[in-house]
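2 protein chains.
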Amino acid sequence: MVRRQDFDTGLNQLRELLIKMGNRMDEALKEAIESLKASDLNKANEVIRKDAELNALEEEILELGSQLIITQQPVAKDLRRIIVAFKISSDLERMGDLARDIARVTVRLDGQAPVKPLIDIPHMAEIASTMIAESIRSYMDENTDLAYKMAKDDDEVDELYGAMLRELYAVLLEKPESAPQMMLLQMVGRYIERIADHATNIGENVVFLVTGRRPDLNS
Amino acid sequence: MVRRQDFDTGLNQLRELLIKMGNRMDEALKEAIESLKASDLNKANEVIRKDAELNALEEEILELGSQLIITQQPVAKDLRRIIVAFKISSDLERMGDLARDIARVTVRLDGQAPVKPLIDIPHMAEIASTMIAESIRSYMDENTDLAYKMAKDDDEVDELYGAMLRELYAVLLEKPESAPQMMLLQMVGRYIERIADHATNIGENVVFLVTGRRPDLNS
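Chains as they are written, first to last, in our numbering: chain A, 99 to 317; chain B, 99 to 317.
It is worth saying that the hints were derived from the structure and are not from the lab. Here the structure is a predicted model, which means the values were calculated and not measured. Hints may contain errors.
Since the list gives no way to pick out one identical chain from another, each pair is judged satisfied if it fits inside one copy or across any two copies.
[Said to hold, decoys possible] Once the Cα atoms are required to be at most 30 Å apart in a straight line, the calculated DSS-like pairs of lysine-lysine come out as:
#, residue 1, residue 2
1, K273, K175
2, K128, K214
3, K118, K247
4, K128, K175
5, K128, K118
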C-alpha cells in the first residue's frame, strides 16, 4: 500500500509539471499574439527568451517519470500514464517553439503597421488556446470525449487558416507590395495551425492512455 | 545475465520495428511525391490507404516497449532507449500523416496539369528523405553528430520552402487564376517542411538518449 501511495504522489507531481507546462505554453501563445497585434518588440523578445523554461520543464518531466518507472515499476494503465506524460511534454515543447516562432515574426515585422487588421489570427489563436487547456484537462481527467472534441476544434482551426489564406491572396493581388508582410502573417497562421495539431495529438495520446489503443484523430 | 540478454533481444525487436516504420514512412513520402509529379490518383490513394499501417506500427512499439519496461525493469540509458523509441514512433506516425496529406493534394488536383514544373518540392522531399534515414540511423548508432547534422538539413529545407513561396507568389501575380493550384502546392511545401521538423525532433531525442539532456535543435 505504501508503494501505491508513493506512485500516486509521484504521478501527481508529474501532473503538476504538465499543468505548469500547459499554462506556460498558453501564456507564451497569448503573449506572442499580443506582441504581434501591438507591434510590441519587448514583449516578443520576452516570449523568445522564456522558451528555455519549457525545454527545462520537459526535461524535468522526463526525469521524474523515469524515476517513477524505475522505483515504482508501474504496469498497464499506470505505466501508460507516465508514457503519455512523456509524449504530451514533447508536444508542449514543440508548441512552445511555435509560439516563439510567432514572436519572431513580430520581431521581423519590426514595428511595421499591418496592411490589414488582424482578425483571423487572433481568432485562430483563441481556439488553439482553448485546445491547449482541453488537452491538459483531458489528460488529468482521462476524458476521451474531450480528446474527440479537440479533433473538431482542430478542423475549425484548419478551416480558418484556409479562409485566412484566401484573404491574404486577395490582399496580395490588390497590393503586391504587401507580399513580404503577407508571407509573414501566413507563417503565423501556419504556426497556430500546427499548435492545434499538437493539441489534437495530445488527445490521441489520452485515448491511448484510457483504452490502450492509439486512434488517428489527425485525419 | 539472462536478463540482460532478454533485454537486448527485446530492444533489437524494438529497433527492427522502428526501422520498419522509418522505411514505411520514407516509402510513403516518395510515393506521395511521385503521385503528385505524375498526377497518379491510384498511387495517391494507395498512400492514403497504407497510412493505417504506420499507426499499427506505433501501437506495436508502444506495446513491446511497455512489455520490456514491465518485465526487464531497465534503468538509466536502457530506459531512455525505450522512452526515446516511443517518442520517435510518435514523430514517425505524424510524418506518415503528412505524407498522406501530400497524397490528398494529388487527389484534390484531380489530374490538373501543373502551372509550373515541380522542382523545389521534389528537391525538398529528397532532403527530407535523407533526414528520415539519418534520424533512424542516429537512433540505431546513438550518434549525436548525425542528430546535429539533421538540424542543418532542416535549415536547408526551411530555406527551400521560403524560396518556393517567393516563386509561388511571383507565379500568382502573373497568373492570378492559378491561385487554387498555388495554394495546394504551397501546402505540399509546408507538409514537407513539417516532416523535416519531425526528423529534427528525432535527433533531439537521440541527444537525450545519449546524454540524458534534451537540447533544442528546432531553433
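Quick rundown of the hints versus the structure:
1. Proximity of K273 and K175 under a CA criterion of 30 Å is satisfied in neither setting, with 56 Å inside one chain copy and 56 Å between copies.
2. In the homo-oligomer, the alpha carbons of K128 and K214 lie at most 30 Å apart inside one protomer (20 Å), although the nearest pairing across protomers, at 39 Å, exceeds that limit.
3. For the homomeric pair K118 and K247, the shortest alpha-carbon distance inside one copy (23 Å) is at most 30 Å, but the shortest distance between copies (32 Å) is not.
4. In this homomeric assembly, K128 and K175 never come within 30 Å of each other (Cα to Cα): the closest approach is 34 Å inside a single copy and 37 Å across copies.
5. In this assembly of identical chains, the alpha carbons of K128 and K118 lie at most 30 Å apart only when taken from the same copy (15 Å versus 40 Å across copies).
The structure shown violates the earlier hints numbered 1 and 4.
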